[in-house]
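Number of protein chains: 6
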Amino acid sequence: MEAAAIVKKIKTLEIQGAKNVALAGLKAINLYASGIKSNNRKGFMRELKSKSLLVAAARPTEPALRNAISFVLLRLSECKSAADAKKTLASEVRSFSKNIENMIKKIGEIGARRIPDNAVVFTHCHSNTVMEILRRAKYDGKKFEVVCTETRPLNQGLTTAKQLAKMRIPVTLIVDSAARAFIKKCDMVLIGADAITSTGDVVNKIGSSTIALIAEEQRKPLYVAAATHKIDPQTAKGFLEPIEERPGKEIVKTMKGVKVRNPAFDVVHARRISGIITELGIVPAQQVYRLVEKLI
Amino acid sequence: MEAAAIVKKIKTLEIQGAKNVALAGLKAINLYASGIKSNNRKGFMRELKSKSLLVAAARPTEPALRNAISFVLLRLSECKSAADAKKTLASEVRSFSKNIENMIKKIGEIGARRIPDNAVVFTHCHSNTVMEILRRAKYDGKKFEVVCTETRPLNQGLTTAKQLAKMRIPVTLIVDSAARAFIKKCDMVLIGADAITSTGDVVNKIGSSTIALIAEEQRKPLYVAAATHKIDPQTAKGFLEPIEERPGKEIVKTMKGVKVRNPAFDVVHARRISGIITELGIVPAQQVYRLVEKLI
Amino acid sequence: MEAAAIVKKIKTLEIQGAKNVALAGLKAINLYASGIKSNNRKGFMRELKSKSLLVAAARPTEPALRNAISFVLLRLSECKSAADAKKTLASEVRSFSKNIENMIKKIGEIGARRIPDNAVVFTHCHSNTVMEILRRAKYDGKKFEVVCTETRPLNQGLTTAKQLAKMRIPVTLIVDSAARAFIKKCDMVLIGADAITSTGDVVNKIGSSTIALIAEEQRKPLYVAAATHKIDPQTAKGFLEPIEERPGKEIVKTMKGVKVRNPAFDVVHARRISGIITELGIVPAQQVYRLVEKLI
Amino acid sequence: MEAAAIVKKIKTLEIQGAKNVALAGLKAINLYASGIKSNNRKGFMRELKSKSLLVAAARPTEPALRNAISFVLLRLSECKSAADAKKTLASEVRSFSKNIENMIKKIGEIGARRIPDNAVVFTHCHSNTVMEILRRAKYDGKKFEVVCTETRPLNQGLTTAKQLAKMRIPVTLIVDSAARAFIKKCDMVLIGADAITSTGDVVNKIGSSTIALIAEEQRKPLYVAAATHKIDPQTAKGFLEPIEERPGKEIVKTMKGVKVRNPAFDVVHARRISGIITELGIVPAQQVYRLVEKLI
Amino acid sequence: MEAAAIVKKIKTLEIQGAKNVALAGLKAINLYASGIKSNNRKGFMRELKSKSLLVAAARPTEPALRNAISFVLLRLSECKSAADAKKTLASEVRSFSKNIENMIKKIGEIGARRIPDNAVVFTHCHSNTVMEILRRAKYDGKKFEVVCTETRPLNQGLTTAKQLAKMRIPVTLIVDSAARAFIKKCDMVLIGADAITSTGDVVNKIGSSTIALIAEEQRKPLYVAAATHKIDPQTAKGFLEPIEERPGKEIVKTMKGVKVRNPAFDVVHARRISGIITELGIVPAQQVYRLVEKLI
Amino acid sequence: MEAAAIVKKIKTLEIQGAKNVALAGLKAINLYASGIKSNNRKGFMRELKSKSLLVAAARPTEPALRNAISFVLLRLSECKSAADAKKTLASEVRSFSKNIENMIKKIGEIGARRIPDNAVVFTHCHSNTVMEILRRAKYDGKKFEVVCTETRPLNQGLTTAKQLAKMRIPVTLIVDSAARAFIKKCDMVLIGADAITSTGDVVNKIGSSTIALIAEEQRKPLYVAAATHKIDPQTAKGFLEPIEERPGKEIVKTMKGVKVRNPAFDVVHARRISGIITELGIVPAQQVYRLVEKLI
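Protein chains in written order, with my numbering: chain A, 1 to 296; chain B, 1 to 296; chain C, 1 to 296; chain D, 1 to 296; chain E, 1 to 296; chain F, 1 to 296.
Quick caveat, the hints were computed from the structure, so don't treat them as lab data.
A couple of the hints might just be wrong.
What the hints assert, rightly or not - Mimicking DMTMM-like on lysine to aspartate or glutamate, the simulated pairs with C-alpha atoms at most 25 angstroms apart in a straight line are:
#1 B:K185 / E:D187
#2 B:K220 / A:E216
#3 B:K220 / E:D187
To be verified - Chain B regions said to be covered by chain A (calculated; three or more residues, Cβ under 8 angstroms):
#4 34 to 44
#5 227 to 233
Source: prediction; values computed, not measured.
No residue lacks a Cβ here, since even glycine has one placed at the ideal position from N, Cα and C.
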């Protein structure tokens, strides 16, 4: 597949998920790089950066894509020649997928230690990073149960419930509206993140900000599990993280005279987060941004 | 239909809704009364009270039923003879339905005045009393719009949306999880009540307590619309208002290894309520109980 | 002066202040009454009530006027004849002014007891009822000092400061913006009221709601001093207490391209009030309304 | 014993406990009454009232004493003659002790219903009313356990623990400082009251206000168990409930250069109380005062 | 002008404004430097540092001055000779003014992105940095309006209003006391800073802490716009940022017996700040200090 | 003494106190080092690290021990030979004790500046670091007084009171339950720390979390005084700081049927801390962790 074809797939949402989009973006850049004629280091880098901007623009709401590109460009800056840069780029792309998996595995290890024995863990929607923590905690011999919401309108909570049941982790499914009744009796709340801003606010599936409000009211620790590539450097420059609004028909078929609104995400305030579990350790939300400042 | 048959229908939930249950209960008592042989006032009343306890016990979680009975018995206490009592009882039963309608109409009038022009009103589930306020506000020429949740698992919010659309009141439907995003931009929250306790706490459809928490966080006034027959005197005696738990299959078909929990109601704290709109006026939640203390 | 002339003066704000307006209203009704021809009790009362509505409508935002009228009509309802009613009315009007003074004197006595020795009392704007409490506390031998805001835009705080200085009560004047810095070091906040709603919310000079917010944040008791004729029964019927917006030129002379907004009052939430000091005792804000329910 | 001797014992704290002091006060008044010569009703009542004031003044910080006297005088006001009043008084004094016991028994019944099965109940200090609720809940077959503080400096919590152990109610004793760690895991907090003010604030053993703050933070219901004779009408008139300061040596023997302070009570704010369990039912703190307004 | 004369002008407040004071301080140091005889690098630096301390002491409450000096000395530390250091110093002083302008321009760019289209922005007092953000947002084509307080006693808000009107940005002027009524309806609050402490607290014009409290209550984002030279490293060493108290006559002419207090600043707590907009990006208040730690 | 003997003493709690344990651990490592035969740098370091892990494991709940070891190993990493490393190690151990003293002295200097003249400082338990701040403030000529709790069950507050009295600092002793009554009237709260987590939460003597809650409620600044070696890097890896539970007999002799619970510590949330006073300056709790990230 050509670089342009990949970029198109990113644009049209054919490729989805933070990790997949970032990986595809790197592949596209690698393909572009192999086509660059200039043997001169400076010229090569100039052209590569212009292509990179093009790729990054294919999904402006995906920080993981931008971060992957920034990280690789940073690495290339130490290369002495165009040839060296090409080689390094190719190797980075090859190791990228494995690196992400390692990050998530590391988060699993760290996060699992925060689940006390006999705990009730409350979660919302479906997050691979959260699932890895729960899987690891089970593997480490922890006894605990999970309460998860159905997560309307797309019911990703059912996927969470099914996978947990398969892992033989006791799981209870509830409607989104019952969150407060069950958070009251849980020991901790654990959610994923779609993006993290420069002030430590977390963008996640609609309903997350309400769950954070309830966790604060009920004095339950709320942990966010997220690799550092979810941090969005654009927010430091003032840009607001865009909130996607999805079609109303996901909720209900057309009803005459009734408008249907369907925002997909909301924002959890930094001060309501007990800690962000990253591959670099558990840090306060106000701190996580500094972990990647070299990319900015 | 015989008194016993009615009582059975109340027990088996064949008869539903605060007003309908209370009316049926009174009818049953009336039927029982017509069968009482004693011409002696004291003897008649003794027998009637024992039948009344029996009827009230048919739906122990319905304060409107108990209150209707208490109210009628109070009226009878002023009667001079068994015959007089029988006549009064029959007449009370006849006028009961109309009385309730008058109460709700009165609440509509009062509540409509609290809806500011150009307001956005947020509501949850489906309440006839709330609908009457909105209908009346429209009738009074107020311009406003309504945001309502779908109210999982039974989606009563769709009924609300449909009826509002029919009245040509602009209405927006959202998933329950999006409540916080929309309460942020609304001007007031308006919900009904299934029961009100002696300390002013309001039992209502699951999700109401979360909506009240959000309204408090976002400093939006939260009004509860409820006739005083929703107040439960039993709670003054220490009894906790029971919270019904409904079958999990209302949420999702059986999933192997997944437990499904489905509580139908939760409790809005008195201090989160800006006012209760009753047929006797708008009063603080801490006050509403005194409105009916003569029934206790 | 004729009744109609008085009503006009009330309408045009020539007569001001809760007490003065109420007194003028009663005088107008008394004048109207003396002109009623009907000797028949029922006929007399019918006509009197219609005149009373007319007088009450002259200042729809003044609860003291409505309350005075309701109170007097209630008294007349016990009269046996038109002549008796006329006499009673005349006597009520005569004693009205003295009654109000007694109410305020009583509040002074009660409120003065709440001022601890060596206290710093924070106040805002100018309230005769508050002044009476402070005067009485001084008279009772209490040692205390007062901090008062200038209360822009009309600087009523300067009147408060001057009068306190005259009474030899130590007083400090500050800008409105400095309220938080000084409430931090005060022992209690004491303000008056323009109107009290059925849910115990208090309408008072702009800035009061901020002072109440600060008092809550700084955990300082906030007392409202107000006779029960400030309670507005209309609010129980759903009407919102109207907030007067005054001319911008009170703040600043015209500035090209700059809009000036000047709302005169704001609303102190019931839950931020430690107690309302009335002539009937100190009661929680949620309770004060029941003190006058017979008028409603 | 003569009336004056009783009054002296009240003054010197020889007689202690709300109930005992109230009973002794009534006995003194009864003795005084039997010495009144006047056969004339008015004269008798005048003299009796003056004696009553004298008795009430013997313990100005005990609302139960003042309330008992007010209540009895209210009863006498319906008597037609001096002789009738004397007889009624004697009978009231005889039945007083039993009345209090009935009140506490009633509170036990009502309060026991609020203890959920398998609950953990947190309490502080030692209150007979609280003990009656716990005793009754056990008697009613409820399974629950209690956590109680040692309650420095006089360690009344040890009495609570011992008595509960005797009733075979599982009980855990902790230091006062550990309250927050254990309230986190309890289901409700239940304390007694030394006095209740007109605004619903509760005066109780030092530490109670902190426990109420923690209960609010941890969203645990806090109930106060108190018969209505603990309500202090003086507070409605502006008087502050006095807080007793006890000798420092209760805490520690003299330490050179170290001042020891030992206040015995603090104040639980009305808004932190979920309900006050009285013999007349469970009501919001803001409401309880109206229960006795006829005494004021 | 001689170095000593500049230092005097700084001391006597003849030179004002963070930027102007810092620039004048650097100029004084440059003048001192040109007079240093020592050709030896070490000797030169020793003497320069002693002069720098002298200049910094001229305005101990101005962090921008201290920071400018620290920054320049840091740069000189890399110089190899006295001559090189002199040249570098001269060049730094020349570029300083431009650097500050660039910082503010950068903040304008970043901050403008945080102003949503159709927003209502609330501001207080007059801040050049805030004005640059608003100017830039207008320039970027954003449609928004501004509400500003008059900011007693010196009415700097009128300057803000006039300048905005000149830029054709719709602006509404209100009294300081009306802040809460208008923050309720705004979308964000944006203020400047006089100094920022090591714990992220912001010192700004009196009234700012109240505005921050209201923004928190009303859940409106509060941004502080400030270049990093406003951060005061002295606060890390324990020193408290001093709060200037200005003459009472700024508020009111002498009133007999009335004390007038006029503190010029108050402190906005770090946790009430949504983000600090610096030239290095938008960061949480708790983070901003680390941006300059190399200066400390 | 041999290395193994020291390790044993650490294990059996014969050696106590953060500083003493860390020092003993370093001594043990030094003794182990002198026994390592390998002259090869790599081999020496490998062996030394293995011994270090062994020593660190002797007290898994003491972050100061782990941090001291990490710090020294970091220093050795720059050594060129085994001999050089041995020498450096010996010198580090010699200077360690002095380093800690310098850290605490530095904290004293910084912290003393935060104590305003005429302040009332509230403290809990006994902390050497807090004592050094108070000693230094007195030495600097500050006038202030201290309120301290007795700190049940071991009454360390009496030691605090005695030492302060000896320094002629006015001190008041109270029971733990009276904390809220006295924090209300204090100007700041100052406590020590047993450990600090990666998210800025502070583990300290039981009761500290309640004091922090009260300080937040009463808006009093709460400072924690702690050298950076109290920060526990293990918490960044997910481990929870263990909370020691001590024997019940410290509270009360066995009481039949009564369980006694005695947790020794609780956790102060980062957001309730105004600043942590470290030897590197006063920083927000969310920041302190980054101060030692090089050790992690």
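Structure-based check of all given hints:
1. The suggested pairing of B:K185 with E:D187 holds, with an alpha-carbon distance near 10 angstroms, which does not exceed 25 angstroms.
2. For the hint pairing B:K220 with A:E216, the CA-to-CA distance comes to about 19 angstroms; that is within 25 angstroms, so the pair holds.
3. The straight-line distance between the Cα atoms of B:K220 and E:D187 is roughly 15 angstroms, inside the 25 angstroms bound, and the hint therefore holds.
4. Only when three residues or more bring their CB closer than 8 angstroms to a CB of chain A does the claim for the segment 34 to 44 of chain B stand; here the count is 0, and the claim is violated.
5. Coverage of the segment 227 to 233 of chain B by chain A is violated [criterion: at least 3 residues with CB-CB distance below 8 angstroms; count 0].
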